[in-house]
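Work the whole structure out from these sequences, hints included.
Okay, here's what each chain looks like letter by letter:
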Amino acid sequence: MTDAITVRNLKKEFKAYSSRSGLKGAFRDLLTRNYKIVPAVNNISFQVKQGEMVGYIGENGAGKSTTIKMLTGILTPTSGEVIVNGMNPHKDREKFVRTIGVVFGQRSQLWWDIAVQESFRLLKKVYKVTDEQYDSHMSHVIKTLDIEPLLDKPVRKLSLGQRMRCELAAALIHNPPLLFLDEPTIGLDVLVKLKIREFLKEINDKYNTTILLTTHDLSDIEALCERVVMLDEGKIIYDGALKSLKEKWGEGKEIEFQFLEDVTLNDLNRITASSEVKWEKDEKKAIFTAFAEDNDELISLLIAKVVADLKVKDIDIKETSTEEIIRNIYDRGIS
Amino acid sequence: MDKYIEMIRIRFLMMLAYRTNYYTGILIYSINIGAYYFLWSAIYGEKDAIEGMSVIQMSTYVAVAWMARAFYFNNIDREMAAEIKEGKVAVELIRPYNYLGMKTMQGLGEGIFRLFFFSVPGMVIVSFIFPLQFSADWTTWIFFAVSIVLSFFINTQINLLTGITTFFLFNNTGLIRAKRVVIDLFSGLLIPISFFPLWAQDVLKYLPFQGISYVPSMIFTNSFSNNEAIQAIIMQGIWVLILIIPIQVLWIIAKKQLIIQGG
Numbered sequence: 000m001t002d003a004i005t006v007r008n009l010k011k012e013f014k015a016y017s018s019r020s021g022l023k024g025a026f027r028d029l030l031t032r033n034y035k036i037v038p039a040v041n042n043i044s045f046q047v048k049q050g051e052m053v054g055y056i057g058e059n060g061a062g063k064s065t066t067i068k069m070l071t072g073i074l075t076p077t078s079g080e081v082i083v084n085g086m087n088p089h090k091d092r093e094k095f096v097r098t099i100g101v102v103f104g105q106r107s108q109l110w111w112d113i114a115v116q117e118s119f120r121l122l123k124k125v126y127k128v129t130d131e132q133y134d135s136h137m138s139h140v141i142k143t144l145d146i147e148p149l150l151d152k153p154v155r156k157l158s159l160g161q162r163m164r165c166e167l168a169a170a171l172i173h174n175p176p177l178l179f180l181d182e183p184t185i186g187l188d189v190l191v192k193l194k195i196r197e198f199l200k201e202i203n204d205k206y207n208t209t210i211l212l213t214t215h216d217l218s219d220i221e222a223l224c225e226r227v228v229m230l231d232e233g234k235i236i237y238d239g240a241l242k243s244l245k246e247k248w249g250e251g252k253e254i255e256f257q258f259l260e261d262v263t264l265n266d267l268n269r270i271t272a273s274s275e276v277k278w279e280k281d282e283k284k285a286i287f288t289a290f291a292e293d294n295d296e297l298i299s300l301l302i303a304k305v306v307a308d309l310k311v312k313d314i315d316i317k318e319t320s321t322e323e324i325i326r327n328i329y330d331r332g333i334s
Numbered sequence: 000m001d002k003y004i005e006m007i008r009i010r011f012l013m014m015l016a017y018r019t020n021y022y023t024g025i026l027i028y029s030i031n032i033g034a035y036y037f038l039w040s041a042i043y044g045e046k047d048a049i050e051g052m053s054v055i056q057m058s059t060y061v062a063v064a065w066m067a068r069a070f071y072f073n074n075i076d077r078e079m080a081a082e083i084k085e086g087k088v089a090v091e092l093i094r095p096y097n098y099l100g101m102k103t104m105q106g107l108g109e110g111i112f113r114l115f116f117f118s119v120p121g122m123v124i125v126s127f128i129f130p131l132q133f134s135a136d137w138t139t140w141i142f143f144a145v146s147i148v149l150s151f152f153i154n155t156q157i158n159l160l161t162g163i164t165t166f167f168l169f170n171n172t173g174l175i176r177a178k179r180v181v182i183d184l185f186s187g188l189l190i191p192i193s194f195f196p197l198w199a200q201d202v203l204k205y206l207p208f209q210g211i212s213y214v215p216s217m218i219f220t221n222s223f224s225n226n227e228a229i230q231a232i233i234m235q236g237i238w239v240l241i242l243i244i245p246i247q248v249l250w251i252i253a254k255k256q257l258i259i260q261g262g
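These protein sequence lines are chains A and B, in that order. Residues in the first sequence are numbered from 0 upward in steps of one, following numbering that gives the first Met the number 0. Residues in the second sequence are numbered from 0 upward in steps of one, following numbering that gives the first Met the number 0.
None of these hints come from the bench; they were simulated from the model. There's no promise every hint is true.
To give an idea of the interface, some chain B residues facing chain A are shown, with a C-beta separation under 8 Å as derived from the structure [said to hold, decoys possible]:
1. Glu-5
2. Leu-12
3. Lys-204
Straight line, CA to CA, 27 Å or less: simulated DSS-like cross-link-like pairs of lysine-lysine [unchecked claim]:
4. Lys-35/A to Lys-2/B
5. Lys-10/A to Lys-254/B
6. Lys-255/B to Lys-90/A
7. Lys-87/B to Lys-156/A
8. Lys-87/B to Lys-14/A
9. Lys-2/B to Lys-94/A
10. Lys-87/B to Lys-10/A
11. Lys-48/A to Lys-280/A
12. Lys-46/B to Lys-94/A
13. Lys-14/A to Lys-2/B
14. Lys-2/B to Lys-156/A
15. Lys-124/A to Lys-87/B
16. Lys-35/A to Lys-84/B
17. Lys-142/A to Lys-127/A
18. Lys-255/B to Lys-14/A
19. Lys-90/A to Lys-10/A
20. Lys-234/A to Lys-245/A
21. Lys-205/A to Lys-127/A
22. Lys-312/A to Lys-277/A
23. Lys-178/B to Lys-152/A
24. Lys-127/A to Lys-2/B
25. Lys-124/A to Lys-254/B
26. Lys-254/B to Lys-94/A
27. Lys-234/A to Lys-35/A
28. Lys-156/A to Lys-94/A
29. Lys-90/A to Lys-87/B
30. Lys-283/A to Lys-317/A
31. Lys-84/B to Lys-14/A
32. Lys-204/B to Lys-127/A
33. Lys-94/A to Lys-204/B
34. Lys-280/A to Lys-304/A
35. Lys-255/B to Lys-234/A
36. Lys-156/A to Lys-255/B
Even for Gly, the Cβ is constructed at its ideal location relative to N, Cα and C.
Written out as structure tokens, the structure reads:
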């Protein structure tokens, strides 16, 4: 399989101007201005294969959007090499953008004042899509995203969820082999999110579309992507399967117990004294939580011991959520 | 080419979406023409002609200049500034078309719309109220048509230039306003160029502005001989070609150092 995206030692630097303080400083700023060179993206390299769905995550300001803008040919890299769909995005811009679709969650690419179908019609002309291609492909897209009743409404009258579905359809008019989604589910309700996810999975299945997705909603990534690339301060800090991210940084399991009788922490510590378990009590709800290493045998042993001695009302085994893992990584760094 | 024609159609739809703008536009233009008509009648007083133009020629000049303005005038500089400031230009750059070409087409769509639904009916109304003089000579009409298309291009190119400067200045509202006043004055919209002092006329000869309003209006009022008209049109054509150069240069530099604002 060929690589849809190849990025080598990519770097983008911005000049960040700073203002001097005070009136005197403001006058001095008129003549010369202080600036620092800030790397937004610092020497990153990665590859994405055709048909992969990759989640691109990182804190605000980590450089995600900057990378996407370089991959789509909007920004010129300071240095490094970008090859997307076999082309240099910035150099062959007009030819290149025919092979990609982009959705920016925060800005609309439909024309605000006119009906959605007019925007579609213009885009169809812009991408030189023939009537047959359009009919066979778009009728399906329109049906799946359920936007048929929205087509004759002007974009400014649509709700965010309705608009987002139309945006997605607009990005797919030319059925591109590569789709960039920059926070596509920002501010959407659960139902619309689910619909969009389902739809993305479907086109990935059907056309082997490569999808690169940035989002702050990790449930998107969990639902869609097998691979994540994590960015921090312009550098890639993790690139691999979502599952191994969990294994590597997931910090054991939590088992929540509720008992039918009165139990103290001391009792529990006594029962499980032989294994390495830490107990905590939630005073309000009378829930006892055991923190143990993520080891199936250890956990079943632990449960067996507790159940043998005490009457249990409810047990709940919890894995550390991806969200927690990622939060930990953001907080503490990767080390 | 299809896509550019489609863009003109979209622009028509957008103009129709905001009808109030359209009606107020007619009102504003009528008031302007009226005001200048009365001003010039007062200036002429008893005199038959000033600088070789009669009162009727003058009022025709004013009316035509404003009606032509409806065609060549557009706000693409302000639109570009807004798109750049809000970061919308990112969306434009992921489309397989030439951004500046598309902007020009939007301006043309707006211009054609105004020409047919605004200038022509407006001209008919104005001709009932003020004494105007229309040429019967078809060559005048052809010269006028060519000239007005070229004035559209010159004005649009200047707008593009102003728009592109937003990439460098980030806030160029002042520049856009200044440009508008300079064009209205130096293009001969407010006062015919032949009324300027001689030294100013000499300077203006070397600037593109008179190609915007003065030339088509002078052609329409038959104040130019055929020879002068052809020369003036060639001058306009040369300016269209010359202005391509700074636009392309600035555009290339702008793309290189483009910063998308707002994430």
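Structure-based check of each hint:
Taken as an interface hint, Glu-5/B checks out: its beta carbon lies about 4 Å from the nearest beta carbon of chain A, inside 8 Å. Interface hint at Leu-12/B: satisfied, since its Cβ lies 5 Å from the closest Cβ of chain A, which is below the 8 Å cut-off. Interface hint at Lys-204/B: violated, since its Cβ lies 36 Å from the closest Cβ of chain A, which is beyond the 8 Å cut-off. Note on Lys-35/A and Lys-2/B: the hinted pairing is violated, with a Cα-Cα distance of about 43 Å set against a maximum of 27 Å.
About 17 Å separates the Cα atoms of Lys-10/A and Lys-254/B, which keeps this hinted pair within 27 Å; it holds. Among the hinted pairs, Lys-255/B with Lys-90/A is consistent with the structure: their alpha-carbon atoms are about 11 Å apart, no more than 27 Å. With a C-alpha separation of about 19 Å, the suggested pairing of Lys-87/B with Lys-156/A holds against the 27 Å cut-off. Between Lys-87/B and Lys-14/A the CA atoms are separated by roughly 21 Å; this keeps the pair inside 27 Å, and the hint holds.
Taking the CA atoms of Lys-2/B and Lys-94/A, the gap is near 15 Å; set against the 27 Å cutoff, the hint holds. Taking the CA atoms of Lys-87/B and Lys-10/A, the gap is about 23 Å. The hint holds against a cut of 27 Å. This hinted pair does not check out: Lys-48/A and Lys-280/A have alpha carbons roughly 48 Å apart, beyond 27 Å. As the CA atoms of Lys-46/B and Lys-94/A are separated by approximately 64 Å, the hinted pair breaks the 27 Å bound.
Our distance criterion of 27 Å between C-alpha atoms is broken by Lys-14/A and Lys-2/B, whose separation comes to about 37 Å. Between Lys-2/B and Lys-156/A the CA atoms are separated by roughly 26 Å; this keeps the pair inside 27 Å, and the hint holds. Among the hinted pairs, Lys-124/A with Lys-87/B is consistent with the structure: their alpha-carbon atoms are about 21 Å apart, no more than 27 Å. The suggested pairing of Lys-35/A with Lys-84/B holds, with an alpha-carbon distance near 22 Å, which does not exceed 27 Å.
Restraint check for Lys-142/A and Lys-127/A: the C-alpha separation of about 22 Å stays at or below 27 Å, so the hint holds. Distance hint between Lys-255/B and Lys-14/A is fulfilled; the C-alpha atoms sit about 13 Å from each other, no more than 27 Å. At most 27 Å may separate the alpha-carbon atoms for a hinted pair to count; Lys-90/A and Lys-10/A meet this at roughly 17 Å. Taking the CA atoms of Lys-234/A and Lys-245/A, the gap is about 20 Å. The hint holds against a cut of 27 Å.
At most 27 Å may separate the alpha-carbon atoms for a hinted pair to count; Lys-205/A and Lys-127/A meet this at roughly 22 Å. Between Lys-312/A and Lys-277/A the CA atoms are separated by roughly 20 Å; this keeps the pair inside 27 Å, and the hint holds. Between the alpha carbons of Lys-178/B and Lys-152/A the distance comes to roughly 37 Å, so the proposed pair goes past 27 Å and is violated. At roughly 8 Å between alpha-carbon atoms, Lys-127/A and Lys-2/B fall within 27 Å of each other, so this suggested pair holds.
Of the supplied pair hints, the one linking Lys-124/A and Lys-254/B holds, its CA atoms being roughly 25 Å apart against a limit of 27 Å. Under the criterion of a C-alpha separation no larger than 27 Å, the hint pairing Lys-254/B with Lys-94/A is consistent with the structure, at around 17 Å. For the suggested pair Lys-234/A and Lys-35/A, the alpha carbons sit about 19 Å apart, so the restraint of at most 27 Å is met. For the suggested pair Lys-156/A and Lys-94/A, the alpha carbons sit about 33 Å apart, so the restraint of at most 27 Å is broken.
A C-alpha spacing of about 21 Å is found between Lys-90/A and Lys-87/B, which places the hinted pair at or below 27 Å, so the restraint holds. At roughly 20 Å between alpha-carbon atoms, Lys-283/A and Lys-317/A fall within 27 Å of each other, so this suggested pair holds. At roughly 17 Å between alpha-carbon atoms, Lys-84/B and Lys-14/A fall within 27 Å of each other, so this suggested pair holds. Using a Cα cut-off of 27 Å, the hinted pair Lys-204/B and Lys-127/A is violated, with the two alpha carbons roughly 44 Å apart.
Taken as a hint, the Lys-94/A and Lys-204/B pair is broken in the structure, with Cα atoms around 42 Å apart against an allowance of 27 Å. With a C-alpha separation of about 18 Å, the suggested pairing of Lys-280/A with Lys-304/A holds against the 27 Å cut-off. Among the hinted pairs, Lys-255/B with Lys-234/A is consistent with the structure: their alpha-carbon atoms are about 23 Å apart, no more than 27 Å. A distance of roughly 36 Å separates the Cα atoms of Lys-156/A and Lys-255/B; the hinted pair therefore is violated under the 27 Å criterion.
Checked against the numbered hints listed earlier, the structure breaks hints 3, 4, 11, 12, 13, 23, 28, 32, 33, 36; every other hint is satisfied.
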